[in-house]
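Protein chains in written order, with the working numbering: chain A, 2 to 448; chain B, 127 to 250; chain C, 14 to 520.
Wrong hints could be hidden among the right ones.
[Said to hold, decoys possible] Calculated cross-link-like contacts (lysine to any residue; reagent style SDA-like; alpha-carbon spacing at most 20 Å): (1) C:250 <-> A:37; (2) A:416 <-> C:339; (3) C:49 <-> A:366; (4) C:414 <-> B:158; (5) C:457 <-> A:9; (6) C:250 <-> A:32; (7) B:185 <-> C:444; (8) C:390 <-> A:16; (9) A:22 <-> C:400; (10) A:402 <-> A:361; (11) C:184 <-> A:178; (12) C:504 <-> B:159; (13) B:185 <-> C:483; (14) C:483 <-> A:102; (15) B:206 <-> B:189; (16) A:347 <-> C:73; (17) C:457 <-> A:19; (18) A:347 <-> C:63; (19) A:222 <-> C:59; (20) C:504 <-> A:298; (21) A:282 <-> C:63.
FYI, nobody ran anything at the bench for these hints, they're computed from the structure.
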Amino acid sequence: MRYLPLTDADRQQMLSVIGAKSIDELFVDVPEGALLKELVDLPRAQGEIEVHRHMQRLAEKNTPAGRTAFFLGAGAYRHHVPASVDHLIQRSEFLTAYTPYQPEIAQGTLQALYEFQSQVATLLDMEVSNASMYDGSTACAEAAMMAARVTKRKKIVFSGGVHPHYIETARTACEALGLEIVALPAAIDDEAAVTGKLGADVGAVIVQSPNVFGTITDLTKIREAAHDAGALMVTTFTECTAFGLIEPGGSYGADIVCGEGQSIGNALNFGGPYVGLFTVKEKYLRQMPGRVAGETLDADGKRGFVLTLSTREQHIRREKATSNICTNSGLCQLAWTIHMTLLGEKGLRQLAALNHEKATQLAYALGAVPGVEVLTTRFYNEIAVRLPKPAQGVVDALATKGVIAGVAMSRLDPKAGMDDVMITCATEMNTHDDIATYADALKKVLA
Amino acid sequence: MTTRFTKDHEWVRLEGDVATVGISTYAAEQLGDVVYAELPAVGASFAQGADMAVVESAKTASDVYAPISGEVVDANAEIKGENWQIINDAPQDGGWFVKLKIANKAEFDALMDEAAYADYVKGL
Amino acid sequence: MTYETTSGNKGLQQAESLIFESGHATSTGVDLPEPKGGKYEKLGGLGRKAALELPGFSEPETMRHFVRLSQKNYAIDLGLFPLGSCTMKHNPRLNERAARFEGFADLHPLQPTSTIPGALELMDELAHWLMELTGMPAVALSPKAGAHGEFCGMLAIRAALEARGEAETRKRVLVPESAHGTNPATAVAAGFIVDEIPARDDGRVHLDDVVAKLGPDVAGIMMTNPNTCGLFEPEIKRIADAIHEAGGYFYCDGANYNAIVGKVRPGDLGVDAMHINLHKTFSTPHGGGGPGAGPTVLSAALAPFAPVPHIVKRGEVRELREHSDGTQAFGRMCAFHGQMGMFTRALTYMMSHGSDGLRQVAEDAVLNANYLLARLKPHFNAPFGERPCMHEVLLDDSSIKPKGVETIDMAKALLDEGYHPFTTYFPLVVHGAMLIEPTETEPKRELDRFADVMIALAERVNAGEVEFFKQAPKLAPMRRLDDTRAARQPKLRWKPEANSAAKQAAE
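Make the full structure from the sequences, and use the hints.
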């Protein structure tokens, strides 16, 4: 077995040093009958050639996004990731390192974390960032719980533009804690929906911009409504490249800004692993979940970095921890930081402008298809369109023509009453031809 | 003025019906350099033994329990001003946590005195 | 070693400033087509006004920056990484390659199911392996890490209690004092109350202690097996029976499943739910702190409550169930299907090993740990060392502390010897714990080399060389870092005006 270095001679010699006659003597505490005599009923060991072939066969049964005219977003986006990113994250010293609990021999990971936190806080115009979370949806659920802790209130209101899966993830986590989740009806433009809905029992209003329908929102009125009610404003997002072009939640005075970082540095990966971004106002730092790196000095007075404020975390606070989270999304976070370093302000602005340009082209092209109505009027790279037929069938039909068009809102939320709405996006990866192919195929499917 | 102690290493000093409360020198030494403490708001009331405050070093966090029942009438401004070092430098003096208006003096009398606490700590 | 270079470099160790100090907002390492701009704008006047001030680097500068940083890190590929309870084993590179196949990495989680049959088949196959290995009838794949898997398992228990109409009466969850901190934190997050079972001198959970706490308000128990002291719980089956008899459920923390994979099936022990850290047992890379993956196997009693999304088979066709309406599913753990990138790696690992290789994994992990125990026992105090351990060796500080050397000092001295230290001060139930997990991917000569170093350090302790330990590390990329300073004045991001620590360091 190529991964196991012990030889049979080693094993015998080691057993004799231990003073055991057989390996099973070491499993002496396993209750009678529970120690398996036979191998588990699964295939035996295989070489690289066979396993590679098997995995390749499975992979080839799928249709990769890049082989299609691809316009699907709704929480995960297909962007260009420079080749150097994947090379760097595969360096042994990053790939096969552990959480940096021994900072003297983990400064690489720690400095990259500190740089990540600095970049994220800058991008989102917030004071403090943590070292990342599992993904955008779980970050959003943590934000809901954190807001309840800060305000000591039990009701969390989700605006009608938040990704339905984010709401469901938060509902699952929050209801266990006895919190109440109020999800306002889905709305393409949800700016006005929140005002008047916030009583004195609301701990937070959570609003997404760009929202699940692609709409970007002036959050000023929502912040005023939230703060007037003594609630926090939490803003979330699924597409972080947007903030190269539009104002992030922090610029609107949000108390917590969190969301999905996958768009930068990370592939689609069928939904994971991704990287959750999580930022707060400094005054809420002690209530922030997740690990965080901070600057300090070593015994020689040299600058270095450590994991800090860990007394909030489960390994010290146990049942009183701010969260049960025990990890960040290390490699995905590193990929984010490397890609963001390659982009810089200049690259990010350009990338964002390109995305917007492609999306406007897409909106014009789809709007010109008979029967199709573009519903989103202010957007970044994603729009919702109303189709003259149920959207799920259209999406499926387009897939057979080599176009992955988007997602039917009915798939995300069957109860939204929006069966004819499709959510679709364009990124820098889409060519003019892709857009033309898409519009043409849609015309045929609707005809 | 007598100082009394709890098994959880809080100390209490009584003046009239106002008790000054903090953590003992032993506790401060065990904790190491304090990096954070959270004191209750003035006006809050606690039953004896209830979680009242939190004190943290870089690697540990300890709950501070109300050694006797009472209402918070003052919280140490030094600590509120983030002078954590005072908890290490003078835990049983300038590093006090809160003053409680007490309800039941019998609770105070039942706590360990200085000698009993010294014996207790020796046995740990 | 006090010699200071002009550059700040130490031989191959390159000093490296922050990107915020050396990068520039007008530099970039990405060439993109120039947007046409202007007339197409659909931002509704909400364009960014705030400055961005994100520094950029060209590609060569980026490579250098991160390669220099990488060289300040320890890694498994560099040496033994004996971090107890963390399972730092070799990460096969075939797994990395498989995860990057276009047919997996370039798939969107919401693509029409007609375009992803291979992805669903892979998930189903992974599920089959996990269920066969654990002897459990169901698995929820979506939890994103170990603690997330715990949360999934506890929510399933909660849902099962709700279905019985007992969610409001059964609130108490028993958790041994020796448990990892995530267990009590998770129980509370799932709406339960934690009742701790005090530790015993032999490091094990006793049936009597559990029975004494049982009652009609008990929802279940969270137990780690093998436990955090590196011991198999001998009474686990009887404890499971007692919990079930009392109407509760048995959550097993599977963090140490790597010690028994292929040897013992948790399903045979009466487990109702157990998360499996794919990044431990099945060697997906730790990556400096994630991403992990925590698929959670479920008993027949809990299976109906598994969260969405999950795969439903209709004949030979696999479909996704994405909504809980009309089912007993307790809800949703995350936006999509879980850590697909980890599923591909873990399945590649399992298939490479096979049922025979996986059993050998457990046996060699346990053998390596017991070999280290045998070699270290004469020189350190091993609190439970009179019996075999499982995959990790637990030492305490009772042989070094009286001489003035603490566990942390031993750890720091190991840094100078070129090792990542063992886990320090965990489990909490042992004083000054040193928890050593060699894993099965260490050859005997590496174990001997490590044991020789540990023994030599023990001799230095005995020789009274306290200062040697207190000054360590001297040879690592950095000397001891000041945790107190970091926590007292938290500086968690770079700011242009407040770069005080760097300035002080320069002075």
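Taking the earlier hints as the rules, which of them does this structure contradict? Hint 10 contradicted; others consistent.
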